[in-house]
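Peer 1: Below, each chain spelled out in residue letters.
There are 2 protein chains.
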Amino acid sequence: MAKEEEKGECGGWKEKGHENGVCTADASAKPITGDENPQPPGWFAEYSPLWPGQAHFLKIERVLFEGKSQYQHMIVLESTAYGKVFVLDGALQLTEKDECAYQEMITHLPLCSIPNPQKVLLIGGGDGGILREISRHSSVVHIDICEMDMMLIDVYREFFPEVAIGYDDPRVRLHIMDGSEFLKSAQVGPEHEIFGSPFFETVAKALREGGVMCIQAESLWFPSLNLPKLIHTFRNIFKGSVSYAWTPVPAYPSGVIGFLLCSTEGPHVDFTRPANPLDHHDAGSSFGVAKEPPKFYNAEMHSASFCLPSFARDCV
Amino acid sequence: MAKEEEKGECGGWKEKGHENGVCTADASAKPITGDENPQPPGWFAEYSPLWPGQAHFLKIERVLFEGKSQYQHMIVLESTAYGKVFVLDGALQLTEKDECAYQEMITHLPLCSIPNPQKVLLIGGGDGGILREISRHSSVVHIDICEMDMMLIDVYREFFPEVAIGYDDPRVRLHIMDGSEFLKSAQVGPEHEIFGSPFFETVAKALREGGVMCIQAESLWFPSLNLPKLIHTFRNIFKGSVSYAWTPVPAYPSGVIGFLLCSTEGPHVDFTRPANPLDHHDAGSSFGVAKEPPKFYNAEMHSASFCLPSFARDCV
Numbered sequence: 001m002a003k004e005e006e007k008g009e010c011g012g013w014k015e016k017g018h019e020n021g022v023c024t025a026d027a028s029a030k031p032i033t034g035d036e037n038p039q040p041p042g043w044f045a046e047y048s049p050l051w052p053g054q055a056h057f058l059k060i061e062r063v064l065f066e067g068k069s070q071y072q073h074m075i076v077l078e079s080t081a082y083g084k085v086f087v088l089d090g091a092l093q094l095t096e097k098d099e100c101a102y103q104e105m106i107t108h109l110p111l112c113s114i115p116n117p118q119k120v121l122l123i124g125g126g127d128g129g130i131l132r133e134i135s136r137h138s139s140v141v142h143i144d145i146c147e148m149d150m151m152l153i154d155v156y157r158e159f160f161p162e163v164a165i166g167y168d169d170p171r172v173r174l175h176i177m178d179g180s181e182f183l184k185s186a187q188v189g190p191e192h193e194i195f196g197s198p199f200f201e202t203v204a205k206a207l208r209e210g211g212v213m214c215i216q217a218e219s220l221w222f223p224s225l226n227l228p229k230l231i232h233t234f235r236n237i238f239k240g241s242v243s244y245a246w247t248p249v250p251a252y253p254s255g256v257i258g259f260l261l262c263s264t265e266g267p268h269v270d271f272t273r274p275a276n277p278l279d280h281h282d283a284g285s286s287f288g289v290a291k292e293p294p295k296f297y298n299a300e301m302h303s304a305s306f307c308l309p310s311f312a313r314d315c316v
Numbered sequence: 001m002a003k004e005e006e007k008g009e010c011g012g013w014k015e016k017g018h019e020n021g022v023c024t025a026d027a028s029a030k031p032i033t034g035d036e037n038p039q040p041p042g043w044f045a046e047y048s049p050l051w052p053g054q055a056h057f058l059k060i061e062r063v064l065f066e067g068k069s070q071y072q073h074m075i076v077l078e079s080t081a082y083g084k085v086f087v088l089d090g091a092l093q094l095t096e097k098d099e100c101a102y103q104e105m106i107t108h109l110p111l112c113s114i115p116n117p118q119k120v121l122l123i124g125g126g127d128g129g130i131l132r133e134i135s136r137h138s139s140v141v142h143i144d145i146c147e148m149d150m151m152l153i154d155v156y157r158e159f160f161p162e163v164a165i166g167y168d169d170p171r172v173r174l175h176i177m178d179g180s181e182f183l184k185s186a187q188v189g190p191e192h193e194i195f196g197s198p199f200f201e202t203v204a205k206a207l208r209e210g211g212v213m214c215i216q217a218e219s220l221w222f223p224s225l226n227l228p229k230l231i232h233t234f235r236n237i238f239k240g241s242v243s244y245a246w247t248p249v250p251a252y253p254s255g256v257i258g259f260l261l262c263s264t265e266g267p268h269v270d271f272t273r274p275a276n277p278l279d280h281h282d283a284g285s286s287f288g289v290a291k292e293p294p295k296f297y298n299a300e301m302h303s304a305s306f307c308l309p310s311f312a313r314d315c316v
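Chains as they are written, first to last, in this note's numbering: chain A, 1 to 316; chain B, 1 to 316.
Please note that the accuracy of each hint is not assured.
As the list claims (entries may be wrong) - Residues from chain A that face chain B, not an exhaustive set, calculated with beta carbons under 7 Å:
1) 209
2) 254
3) 309
What the hints assert, rightly or not - Each computed DSS-like pair below joins lysine-lysine, with the alpha-carbon atoms no more than 25 Å apart:
4) 97/A with 229/B
5) 229/B with 205/B
6) 295/B with 229/A
7) 97/B with 229/A
8) 97/A with 291/A
9) 205/B with 239/B
10) 295/A with 239/B
11) 84/A with 119/A
Hints were generated in silico from the structure; no laboratory data involved. As the structure is a computational prediction, the values presented were derived from the model and not from experiment. We put the CB at the ideal spot given by N, CA and C, even for glycine.
Turn these sequences into a full structure, and let the hints guide you.
Peer 2: Put into structure tokens, the structure is as follows:
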């Protein structure tokens, strides 16, 4: 580098002089102490155990609801920046501002990856937002949802009607029970021995050939994400395609969330190219219970969500 | 929806009964009061004026440096989650953990969009990270950087040597001066009258035909982002292509940051398809001063970064 200081003006700082700076970069610098997880009044603070040492703070206007079911503790907050916020056992679940990103991507990534999805099982997702998104698919004839906690559904119905509207689809059948129990009781041909199997093996066995599963996965920024191991493990279980995708969700820790998509043996599934683009066949809004077209998902975002930064791509 | 509660178990909450919940969703619910911008000890808190009501908190292990130049206040922190962090006038500028995303994308999005970039002007970017990335391009023969604050450069050199290494490229010429002044003093043919023009008109006039500019733009999640207006304004100034891209940067407010890319009249530039992919011609690592290949940027991420969620895409 050639400096051309004669062309410009130099700051007050003289190189290596440190006249204006108080340099504390020496061994005697004391570590800072403070609250491990501060919770300032008027703010909701979320600390993710998957990436310690950071937190996301939301300013709270008022508490709309607080209650406890036999399973979990729920709070509905009115926030300044994200609209209404649902907090489950202290962890942020959903906000009005950005729920579209999570709900649309976790639904349409799998359902747009196969030509003609007909039967869908949703385990968890009691808020109803994924149901709302499944509802946009005219090929779907039957939607089962397993949710343990009826109170959670009622709280969402009361405070997030645009999310819980998914329950209004007549194809939806709600099972207030554990998803594993439901799978074990489901009709899966006698050749499939699923009792006693780990959860994801049960899921794989319950799927048809070329069927697909999508689950939430860790953010690509989390130090704990081990993508090669994750993909290897699920490829062994599902035997078909396994792909990792991600999408921005600003209220979640690190600002993005990951998804893992798996298909079983059978017709090859290329998750990265929508075989069944929502943009076209249903025009994204003309079918189902949602009152508005998708806000986030489109075919370009679908394919883009599988593109990984080199630090993640090169280790897969 | 058909409920099949006979198949499952019902939570303790009775629908509409609220026995277990304390519902405060009535007009008498008092707004919550608290500190406007709490700063708990041991944590660095960043409040973005562009999206009030939220903040990102980083746990701090120690303060490595604090100083003030004639222009601005600087702090270097050792954080738990992001490694070393540089804070300028209270705003987080860069962290060791995620600087790759910002530096690589803001550099390679423009430089990989044209076939043979030769002369580059960097205004700001005194940390040296963008210089490090420009350095990977073997076609570049000359790199000017205008940075007002020499002290900032020295602090980066001392605490972030892997970032400031960009200054070691012999093609770099550092001008300690304002970028506008530099542009006005630069040789731009007599037909170009730039004195007195607004800044971006000066930039557009200084560029060759089919030349490109990239600047940081607002996050797609910010309520203030007006993409149609932004694109219209810059299209009027630059007369060529104008595109918006975004990339995840977890330490920045909302977890993503935007970029605006503009080309002048002349050879058409399609920013979304790298005409000059870094992956191939320089193998991403064999040229320049960087000690490691790019961690984040690749040709797939390049194109993916221009894909927008429907709420942003449909308004452009």
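Peer 1: Each of the hints needs a verdict: does it hold here or not?
Peer 2: Quick rundown of the hints versus the structure:
no.: 1; hint: 209; in the structure: violated (27 Å)
no.: 2; hint: 254; in the structure: holds (4 Å)
no.: 3; hint: 309; in the structure: holds (4 Å)
no.: 4; hint: 97/A with 229/B; in the structure: holds (22 Å)
no.: 5; hint: 229/B with 205/B; in the structure: holds (21 Å)
no.: 6; hint: 295/B with 229/A; in the structure: holds (20 Å)
no.: 7; hint: 97/B with 229/A; in the structure: holds (22 Å)
no.: 8; hint: 97/A with 291/A; in the structure: holds (16 Å)
no.: 9; hint: 205/B with 239/B; in the structure: holds (11 Å)
no.: 10; hint: 295/A with 239/B; in the structure: violated (31 Å)
no.: 11; hint: 84/A with 119/A; in the structure: violated (32 Å)
Comparing the model with each numbered hint stated earlier shows that hints 1, 10, 11 do not hold.
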